[in-house]
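Q: Each protein sequence line maps, in turn, to chains A and B. The opening residue of the first sequence carries number 1 in this note's numbering; numbering runs sequentially from there. The opening residue of the second sequence carries number 1 in this note's numbering; numbering runs sequentially from there.
The hints are simulated quantities; they were obtained by calculation from the structure and are not laboratory data. Glycine included, each C-beta is placed from N, C-alpha and C at the ideal position. Watch out, some of these pointers could steer you wrong.
As the list claims (entries may be wrong) - For each label pair, taking beta carbons as the anchor points, the in silico distance ranges come out as:
#1 A/234 <-> B/98: 28 to 34 Å
#2 B/132 <-> A/189: 50 to 56 Å
#3 B/170 <-> A/111: 52 to 58 Å
#4 A/401 <-> B/21: 46 to 52 Å
#5 B/206 <-> A/336: 54 to 60 Å
#6 B/162 <-> A/214: 38 to 44 Å
Stated by the list, open to error - Covered stretches of chain A, going by a simulated chain B footprint (3 or more residues, C-beta under 8 Å):
#7 131-141
#8 189-196
#9 392-406
#10 430-438
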Amino acid sequence: MNRLLTASVLALATALPAQAETFRWSATTDPQTMDPHAVSSAPVLGFLNNVYEGLVRRGRDMAIEPALAESWEPLPDGAGWRFNLRQGVSFHDGAAFNADDVLFSYERASSEDSDVASWFAVVSGVNVVDEYTVDILTTSPQPIFPDSIANWMMMDSDWAAANGAERPARDTENFATRNVNGTAAFMLQSRQPDLETVLVPFDGWWGEVEHNVTEAIFTPIQNSATAVAALLAGDVDLIDPVPVQDADRVNASDGVHVLSGIEARVIMLGYGHDHETLLSGEDNIFADVRVRQAVAHAINVPAILQAIMGGNAEEASQLVSPAMRGFSEANAARPAYDQDLARSLIAEAGADGATFNLSCPNDRYLNDEAVCQAVVGMLAQVGLNAQLETMPVSNYWPELRADNYDMYLLGWSPGTFDAEHPLRFLVHTNGERLGTWNFGGYSNPRIDEMLPLIQSEIDPDARQAMLDEAAAIVQQDAVYNTMYVQPLLWGVADGIELTQRPDNFFILRWVTMGLPVE
Amino acid sequence: MLSFILKRIAQSILVLLVVGLVAFAMFRFVGDPVDTMLGQERTVQDIERLREVLGLNKPFFVQYWDFLVRAVQGDFGISYRQGRPVAEIIIERLPATLELALVSGLIALGMGIVLGIFTAIRRDGFWANFIMSASLIGVSLPTFLIGVLLIYAFGVGLEVRIPFTDITFNTGGMPIFGRGDTRPVFGWVGGWNSGLATWDGLQSIVLPAITLGLYQMTLIMRLVRAEMLEVLRADYIRFARARGLSDRAINFRHALKNTMVPVITVTGLQLGSIIAFAIITETVFQWPGVGLLFINAIQFVDIPVMAAYLMLISVMFVGINLIVDLLYVAIDPRLRVDGKTT
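Build out the structure end to end from the sequences listed, making use of the hints.
A: Here is the structure:
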């Protein structure tokens, strides 16, 4: 579980004398841009959370808390949301933050060049009420709208205009690609793409400083063996991730330890629901719900977690992990591991001995290929003959889009940290904007009917009831066979306190260095 | 001589065209860049629009032709991952790879020739046999493993106790990743940032250069030894001995000179492969050269960067071959007779 900072450690941290502390960390990928609206990927958004801020932000426990907005409330009749902005906030260059910057950031982030425009699909307009009040109008009631914009970062309109960066640049470069003018606790001091990015604290930050970092240096290290060596040698203070197979060794070494947590990402198996035939030309056995249920019963998830994940993950019963909002307690149990039941279901469906293809990426999820190999073995024990086909992820998505699979592996991390997110992308009938990752073409009128209701239901209990119903349908129909929640493993030098969030964002302002090593 | 050079240049251009064609054909199997470029919440329209913008929906030969036309003008396109001109990125990264290749080439050549001569002259001595056996390790271990072993031995460090004492010391402390501090040395476009100009940079290059040069060093050593033994058996060496020339004069003036032709060929060709194979070493040591750039490009399906890198490598190989051919002619006068230059 997450090791959250305790109050006592916090008190200790604030009592520490100010001293020069350089913090060095590395991850496998370099954020490809510093533009907060150009690329919607976890490495970019996670990194930029240290230099830019949104109206709201997520705390250590992922809950939404005030940032550049001090408070917000729904407008009458579900017309949208009113945000009351914080006063006295300035950007890194000294310019003041006000409602015009919110309007500008909305226009920029929702423009066609933006990769985050989908967050604003429900927004019909933004009204500047006064200098520190903004109304965001929505086409329908949006109960979780503030949650969905936690990564929508505010840019200074004057700075963008002065530097020709009014629109995000995705296929080319503009001033905002390598320069930052945010409001957050850290400023960008220097940036060499792919090599080194240096951040320093922003003196004029409005918030209360909890860290004691005076300089932070980020270096991407792709090779995991090198990253582990760099951590052991003391060249870096944090590496993300530690390979699962190295976790025990890192923990056994002096001066470093592994911080392990549970990521938001649920790993599951998907099926070609709407396929007439398997790739072999035989009838599609996965069109029969009994076969899909049999697969769920045939897979020994605890064994996978023990043998492949080193005991570092948790079983998943539904499309979101228990840490997400809207998790269905009523459906918290994963189908039991029961080979006899699986065999009898397969016999009933007449699928005994069927041969089919299992597609799997080999560089996308933690130990993805090994997990698929284990799945193949477990399916063989109940009489299903899966032929494993693995490939790099850049080949994988085109194959799935082209329907070249019978069964496939998928991981899903809900961007909104809400159970509605996977329903929208993975379960809703495949269409222009909805169901865009529903490769198997599953379609259920009840889910399609409920989704808009879930999206606009203000009452939390009524909303949860619908999410429970949807989770039950997904589970009974075995739309996906959810297996486990992927673990997060960071390697950290001793004497450093930090917070690991399930979204795998590394937040620099929660770092305290130079603590006594116990 | 001139017609020889012109002919070689024409051949070289043909080779480049073929390499480019093969590379472009391969990119279809590397994957589709649009999935890595767009976020989780992309729609089908987003995918189609991006395809249109990148020209990926055009027929294969049109894409290849467009690439060639622009490449001739020095425009290698915009990197999909970084959004910057590829030519700019490559110029920025090339010094790192060239410095690494140069240093490891020097190590390989220097050590290879010295050890080769030594093992040839003292062919039955203990140390010569020891070096020969040890060199087997150099050729048989994969570069990746050598790099990781060096990192653990000299970066992370091992506790070593001096025998019969209580004194222990740690073998680590060498930089593990990156180039260390760099300093601009030439003021051309983008500048040449050299790591060889700073102490930190010099330290940083040691482990990667040894990793990269080890295989070449063994190769050169074995080649020098074999050639030298061959030459030492030749009649003119026997006559030289009979004339009472000193061992030193025989070994270094007569024998060594005649072993150098094949050594130059191999060294020249190896310099190309040092640069090309630097990919693995650069990945292990996070060395910010073009090899690492290429690996990143493959993962992201950054086709403009991959295409430019492959063209660059093939230009280099073709160029090196040309130089080697010219050096032959310079060293061995017999080849100067017209018609034998190929």
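Q: The structure should be examined with respect to each hint, and the outcome stated for every one.
A: Hint by hint, here is what the structure shows:
1. For residue 234 of chain A and residue 98 of chain B, the hinted distance range of 28 to 34 Å is satisfied, since their beta carbons lie about 30 Å from each other.
2. Roughly 53 Å separates the CB atoms of residue 132 of chain B and residue 189 of chain A, a value that falls within the hinted 50 to 56 Å.
3. Distance hint check: the CB atoms of residue 170 of chain B and residue 111 of chain A are about 56 Å apart, consistent with the given range 52 to 58 Å.
4. For residue 401 of chain A paired with residue 21 of chain B, a C-beta distance near 27 Å fails the hint of 46 to 52 Å.
5. A hinted range of 54 to 60 Å for the beta carbons of residue 206 of chain B and residue 336 of chain A is consistent with their spacing of about 57 Å.
6. Distance hint for residue 162 of chain B and residue 214 of chain A: a CB-CB separation of about 40 Å, consistent with the stated range 38 to 44 Å.
7. Closer than 8 Å: that is the beta-carbon criterion, and the stretch 131-141 of chain A has 0 residues meeting it against chain B, so the requirement of 3 is violated.
8. Under a criterion of three residues with beta carbons nearer than 8 Å to beta carbons of chain B, the stated coverage of the stretch 189-196 of chain A is upheld, 4 such residues being counted.
9. Judged by the Cβ-Cβ criterion of 8 Å, the stretch 392-406 of chain A is covered by chain B as claimed, because 7 of its residues qualify and three suffice.
10. Judged by the Cβ-Cβ criterion of 8 Å, the stretch 430-438 of chain A is covered by chain B as claimed, because 4 of its residues qualify and three suffice.
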